[in-house]
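Colleague: Next come the chains, spelled out residue by residue.
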Amino acid sequence: MKISRVLAVLAAGFLCVTGAQAADDGSDTAIWGKVKNLLVGDRAVIDDTTGSVVELEAPVRAEDAAVVPLAVRTKELPGGVRVTRLHLVIDENPSPIGGTFNFAPMAGRADIETRVRIEAYSWVRALAETSDGKIYMARRYVKASGGCSAPAGKDMEEALARLGKMKIKLEEDAVSTGRPNAAQLMISHPNSSGLAMDQVTRLYVPPHFVRRVEVSYGGEPVMSADVDFSISENPNFRFWFVPKGEGELKAVILDSKDLKFESAVAIKPALRGS
Amino acid sequence: MANAGSGEPHLPALQVQTLAPGVHVLRAPGFEVNAGNAGFITNIGVIEDARGLVLVGTGTSHRFAQHLLASVERHFGRPVVLAVVLYGGGDHVLGNGVFVARGVPVVAQTETDRFIRASCHSCVERLTAALGENMMSSTEPTPATVVIERTAKLPGVVPGLTRRLTLIHLGHTFQPGASALYDEDSGTLFAGELGAAGYLPDLYNALETGWRDGLTELVALGAKRVVPAHGAPGGSEVLTAPKRYLDALIAQTGALFEQGVSLQEATQSVEVAEFRDWYGYAVWHRRNVHFAYLHREQEAFGQRSEAAPGLKEGQH
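The listed protein sequences derive, respectively, from chains A and S. Per the working numbering, the very first residue in the first sequence carries number 1; after that it's consecutive. Per the working numbering, the very first residue in the second sequence carries number 1001; after that it's consecutive.
Mixed in with the good hints there might be a few duds.
Estimated spans, in silico, between C-beta atoms of each pair [stated by the list, open to error]:
| hint | chain 1 | residue 1 | chain 2 | residue 2 | range |
| --- | --- | --- | --- | --- | --- |
| 1 | S | Ala1248 | A | Pro221 | 39 to 47 Å |
| 2 | A | Ser131 | S | Gly1260 | 28 to 36 Å |
| 3 | S | Ala1273 | A | Pro221 | 44 to 52 Å |
The list that follows gives simulated cross-link-like pairs (lysine to any residue, SDA-like), each with its CA atoms no further than 25 Å apart [unchecked claim]:
| hint | chain 1 | residue 1 | chain 2 | residue 2 |
| --- | --- | --- | --- | --- |
| 4 | A | Lys250 | S | Glu1299 |
| 5 | A | Lys143 | S | Arg1287 |
| 6 | A | Lys169 | S | Glu1299 |
| 7 | S | Lys1153 | S | Lys1224 |
| 8 | A | Lys143 | S | Gly1280 |
| 9 | A | Lys167 | A | Gly219 |
| 10 | A | Lys250 | A | Ala159 |
| 11 | A | Lys169 | S | Gly1302 |
| 12 | A | Lys167 | S | Gly1302 |
| 13 | A | Lys143 | S | Ala1282 |
| 14 | A | Lys143 | S | Arg1126 |
| 15 | A | Lys165 | S | Ala1255 |
| 16 | A | Lys250 | S | Gly1302 |
| 17 | A | Lys268 | S | Gln1259 |
| 18 | A | Lys143 | S | Gln1264 |
| 19 | A | Lys75 | A | Gly51 |
| 20 | A | Lys169 | S | Gly1254 |
| 21 | A | Lys34 | A | Ala44 |
| 22 | A | Lys260 | A | Gly164 |
These aren't lab readings, by the way, just hints derived from the structure by calculation. From a predicted model like this one, the values you see are computed outputs, not experimental measurements. C-beta: ideal position from N, C-alpha, C; glycine also.
Full structure from sequences and hints, please.
Modeller: Here's what the structure looks like:
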């Protein structure tokens, strides 16, 4: 089943799931059992409590449930094994799978930072799939509520005027060849969940969110992601890439209304990108 | 002023502090809502006009507003003829309904009125959880009856008012509609949430750059005394202190953003030591950094280029 299809099925199925009880250590919540089954089937998930492969950084208590910063960091593994895919799962969200991120070798590091909405106190999980077929999981309990149903921070007219505008920001003054360089993709998009009510009109703002992100360098894939409305308004992704020479770092996004947006930045290694 | 009778929820005595001839404040006893203060955490202004009293703020609940009206009318021996609300906060506007029911006009800036309609239901829920159903009974968010879009002299807007009162709106500051009320006769500025004394600015609905610039304009007004929503009335320091906090917050957060520091790291890094002792620092300073960072990030896409309203009447 394609990832986007899995996301859609889960979103439909879990909108009705409420009141699931978290185990003390988050290892076997009712929702997690269902998500795991749909996401990775009966494959074993290794509980990576020591962070030997994957670590998840998340605030214990969010400053803002609509914009909760998460960072997933992975380790270099021996024997040429690498992390090829990350899944972000937020147990108590209406759509528990926040995103699935695929990393090509050109990514260099299978790390991702983003911001998510959290609807209720929840276990948040990062699952790392490795090239040798294993799956590792890190998890954190995050106290936040109302993030998916919170009104957008800006007025919708202004948000739509900037819809799809993107910025690619390089994190260092000089980009180097042959090693991972950090970059940040900022997307102006309301990423409406469909669950937020306009308190004046009493109408729900229709869902409209980024569902696919593709990043390439010199035409070669770096990272792709299937995401949904669990990602915050104005989606933001920090990732890594390994340039082999001059090229173009390009991002293409597709949203739930099949609108497509592109942005690119020319890279000359050892020179700062714009 | 006297307290409510026995058998009713406790309502705090309202102490009148005179600031200037015809200008008074009912000082809130603290910053934190509890049953002992009935949610009275926001200073309420009382200005004497020819026909009666102008109140700045309507209180936290229907019951409190009844207590407020009765207390001030008994104390001053004059009727309340006008209420002005300066921002959308449950502790400041949830008494509106009592005034409107009595035919007393309630003035607010357009965006504050919109905020009351859109968001104050949740204020009622929060205050009911804190104060109980009995105290909050009959309390409903009630819109203003006189809505003003830009800085305006109230005698030109409210029939019968003679005192030279100006409602000042400086654009999106603490909230999109946050305003101040200036009494020219006494040189007293009721700064509402724009001013601060011992109570940290809260950016939850704010635009910090607009707020900082608005404070610069208010300082230039040269008011003799300034009354904040929370804390002690004073002089220009009620405006310059929060401006210093906002200046430092904006500068530090902006610098970290430029350096590529992440949102999470920034919220852990920015400190404004001078204000650590202010109420709220431990609770919402990091949240302030969070919002300032997100706003700075959005500047990369270009801010809305609306001209900020100014101090002059009708200026835009």
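Colleague: Next, verify each hint and record whether it holds.
Modeller: Results of checking the hints against the structure:
Evaluation of the 39 to 47 Å hint for Ala1248/S and Pro221/A yields a pass: the beta carbon distance comes to about 43 Å. For Ser131/A and Gly1260/S, the Cβ-Cβ distance of about 30 Å falls inside the hinted range of 28 to 36 Å, so the restraint holds. One distance hint, 44 to 52 Å for the beta-carbon pair Ala1273/S and Pro221/A, holds here, with the actual separation near 47 Å. A C-alpha spacing of about 22 Å is found between Lys250/A and Glu1299/S, which places the hinted pair at or below 25 Å, so the restraint holds.
Distance check on the hinted pair: Lys143/A and Arg1287/S sit about 14 Å apart at the alpha-carbon level, within 25 Å; holds. Simply put, Lys169/A and Glu1299/S have alpha-carbon atoms about 14 Å apart, close enough for the 25 Å limit, and the pair holds. With a C-alpha separation of about 19 Å, the suggested pair Lys1153/S and Lys1224/S falls inside the 25 Å cut-off, and the hint holds. Pair hint Lys143/A plus Gly1280/S holds up; C-alpha atoms about 20 Å apart against a cutoff of 25 Å.
Distance check on the hinted pair: Lys167/A and Gly219/A sit about 18 Å apart at the alpha-carbon level, within 25 Å; holds. Restraint check: the Cα-Cα separation between Lys250/A and Ala159/A comes to about 23 Å, which is no more than 25 Å; the hinted pair holds. With a C-alpha separation of about 15 Å, the suggested pair Lys169/A and Gly1302/S falls inside the 25 Å cut-off, and the hint holds. With a C-alpha separation of about 12 Å, the suggested pair Lys167/A and Gly1302/S falls inside the 25 Å cut-off, and the hint holds.
For the given pair, Lys143/A sits about 17 Å from Ala1282/S by alpha-carbon distance, which is consistent with the 25 Å threshold. For the proposed pair Lys143/A and Arg1126/S, the alpha carbon gap of about 18 Å is at most 25 Å, so the pair holds. Distance restraint check for Lys165/A and Ala1255/S: the Cα-Cα separation of roughly 23 Å lies within the 25 Å cut-off, and the hinted pair is therefore satisfied. Of the supplied pair hints, the one linking Lys250/A and Gly1302/S holds, its CA atoms being roughly 21 Å apart against a limit of 25 Å.
Using a Cα cut-off of 25 Å, the hinted pair Lys268/A and Gln1259/S holds, with the two alpha carbons roughly 20 Å apart. Proximity of Lys143/A to Gln1264/S is assessed by CA-CA distance (about 15 Å); at most 25 Å being required, the pair is judged to hold. Between Lys75/A and Gly51/A the alpha-carbon distance is near 8 Å, which keeps this suggested pair within the 25 Å criterion. For the given pair, Lys169/A sits about 15 Å from Gly1254/S by alpha-carbon distance, which is consistent with the 25 Å threshold.
Of the pairs offered as hints, the one joining Lys34/A and Ala44/A holds, with about 14 Å between alpha carbons and a cut-off of 25 Å not exceeded. With a C-alpha separation of about 8 Å, the suggested pairing of Lys260/A with Gly164/A holds against the 25 Å cut-off.
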